[in-house]
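Asks: Sequence:
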Amino acid sequence: MLNMSISPCPIIPRLVPQLDRCEISSLKHRLRHYHLRGGTRRLLLMVSPNNLPTTASHFRHVDAMVPQPSAAAAKLSQLKAVVLGEAPASEDDEVVVPSHEFSRQALVPSTQKYLEMYKSSIEDPAKFWSSIASSEFYWKQRWGDQVYSENLDARKGNIKIEWFKSGITNVCYNCLDRNIDAGLGDKIAIYWESNEPGFDATLTYSELLHRVCQLANYLKSIGVGKGDAVVVYLPMLMELPITMLACARIGAVHSVVFAGFSAESLAQRIVDCKPKVVITCNAVKRGPKTIHLKDIVDAALIESANNRISVDVCLTYENQSAQNRESTKWEKGRDVWWEDVVPKFPTSCDVEWVDAEDPLFLLYTSGSTGKPKGVLHTTGGYMVYAATTFKYAFDYKDSDVYWCTADCGWITGHSYVTYGPMLNGATVVVFEGAPNYPDPGRCWDIVDKYKVTIFYTAPTLVRSLMRDGDEYVTRYSRRSLRVLGSVGEPINPTSCRWFFNVVGGSSCPISDTWWQTETGGFMITPLPGAWPQKPGSATFPFFGVQPVIVDEKGVELDGECNGYLCVKSSWPGAFRTLYGDHERYETTYFKPFPGYYFTGDGCRRDKDGYHWLTGRVDDVINVSGHRIGTAEVESALVFHPHCAEAAVVGVEHEVKGQSIYAFVTPVEGISYSDELRKSLILTVRKQIGAFAAPDKIHWAPGLPKTRSGKIMRRILRKIASRQLDELGDTSTLADPGVVDQLIELADD
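Going by this note's numbering, the sequence shown opens with residue 26, and the numbers climb by one from there.
With a straight-line cut-off of 20 Å between C-alpha atoms, the simulated DMTMM-like cross-links for lysine to aspartate or glutamate are:
#: 1; residue 1: Lys190; residue 2: Asp149
#: 2; residue 1: Lys310; residue 2: Asp470
#: 3; residue 1: Lys396; residue 2: Glu608
Between beta-carbon pairs, the in silico distance windows are:
#: 4; residue 1: Glu577; residue 2: Arg350; range: 56 to 62 Å
#: 5; residue 1: Ser505; residue 2: Asp765; range: 53 to 59 Å
#: 6; residue 1: Arg500; residue 2: Glu161; range: 39 to 45 Å
#: 7; residue 1: Val642; residue 2: Lys422; range: 37 to 43 Å
#: 8; residue 1: Gly169; residue 2: Arg350; range: 48 to 54 Å
#: 9; residue 1: Lys138; residue 2: Arg629; range: 25 to 31 Å
#: 10; residue 1: Gly530; residue 2: Glu577; range: 41 to 47 Å
The set of hints was computed from the structure by calculation and includes no laboratory data. Every residue gets a Cβ at the ideal spot worked out from N, C-alpha and C, and that includes glycine.
Please put together the full structure from these sequences, using the hints given.
Replies: This is the structure:
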């Protein structure tokens, strides 16, 4: 059972995003340079102290983020900008400015409006968030006088975050019933697109509610209730968000496991949360390949039983396009076909009203130790935060058709495929297949088919599509696109410009979002109608978020700087604990810098106050937006009988962002060979999943270790990246000669 009782920016006014041509002409005295180049308007703008926001002095907590106005005016000289919709962005353009037309229609139409809202959210967070929570969501019972309570300093006691405690609500009700009551029953909730072109389906909000209620009633019939865990191992079928919403409706806690994890990884999660039921499908097509998910679940359930955790029911959806039921292995008494039972149940189901601090879902994420972390999100704060971030970061309108390419096995699929969009009554595209199948134009075919207006994806996919060539993009119209988004890792400026110029036709702002599984929603992100955007920068904090950059001693750094990204004070979407291990929760996230939430990421703040994420500073590798713990991969490698020792590092990769580079020491008497290399990779694929397989196995007669036995990963990263002139001091190694041996074996 799981029951539980901006900153003002000196750059902004220079860019005057709200001004049209006539207005700009009237401000010639503020422009150093204004000219037409090839029929395109580009501006070189100069600030004076008069142009800077007068609200700066009110943001005492933000003073460390950006220079003071007078200092900024002294430092800043010229800035080249391209106006949204008027020209492609070039390498010479430092920023993209929202057009007058886009800003005029935006939810946050100006930087001044952002500053007003941000100031309100920081100076009185209780008032700011309670106003949104009470006006935009249904509560069976309102919370008490205290909107939130927090302790982020382990020196003062246990870490604790609570929002809207004693408020009674239900996320499923707010996603479905509330929208239907508002007249959206006949609106399309989900466009589902199959792996195979030409096969699709739709559900209106009313139809979705009926399907959710049928599954919820079935789950209740087998004894699943409030606080019980349900493990979900499904691909991107409509049944995946249906299952998430059905669990939320009855107060059950879903734990969605990405349907690319191995049987061993799935079993580990089953053993940890002890679910009453596992929900899966027999198979799925991923491009031309068939993946037999039920076989993986069967193996996981055997392993779980060996660890004394038995699951009585495995509810299996028959995905006929991938495999028929006659070809599916079956265990009578445990396995149940979805189609045989769920449709027989009533299409209405009473709501289980829960406290705002009752758990909503568990999502396991890789950590710097071998065991994945069960990130626990609760109901009320997460609901309010996911919905609000979706609404403002994508400038959502009721007429939008939204497509996020993420899988619901990751946090992006929770917050920005299911909950965030549906809490806003949005129409969502759910895609089962591979984005480059049957060819790299599939994404834009789907965009045109459903008239997608908001497209949210990962830099990995952007880089992959960019490599395939513009012709796969330009053969499609894409005229419906209005806003683009990026998630999972920092997007490099070159890819960002290609995304803007080619995919968006230079007319769509890019919401380059930074956030984490732990944060529940966006933390630093542009607001499309308000922000002058620098390609590759996540820009400024979302409402209620107070990011700070600290040095190794935890001292906050002022102005332009580079250091560790932390957050002070809580926000509604913050996770509350690691399931079953609150001590690890405190040690990992709050003890490194007492009084702050430590993100584990590095960050650079430039002279204009823009934030640039520089990647993980712990032992986690970000591969194609998937966070993979180095210890997990090392454990999988050492599981191989011929592997004596392994060390894993991440290296830059043109498409994936980072790739996995493994140094492996075979056991005594075992020779290096391609056969062993392949066998090691297969072991990782089996233990974790194909996405965690090393791209490179580097043979290592030994590993560079200090005299105390600590592996010097800094040296391994330099060797892997071929930065051999930057190895630094190796005199502290127990055996410095190991480094030369590793270098000699680099290309073997």
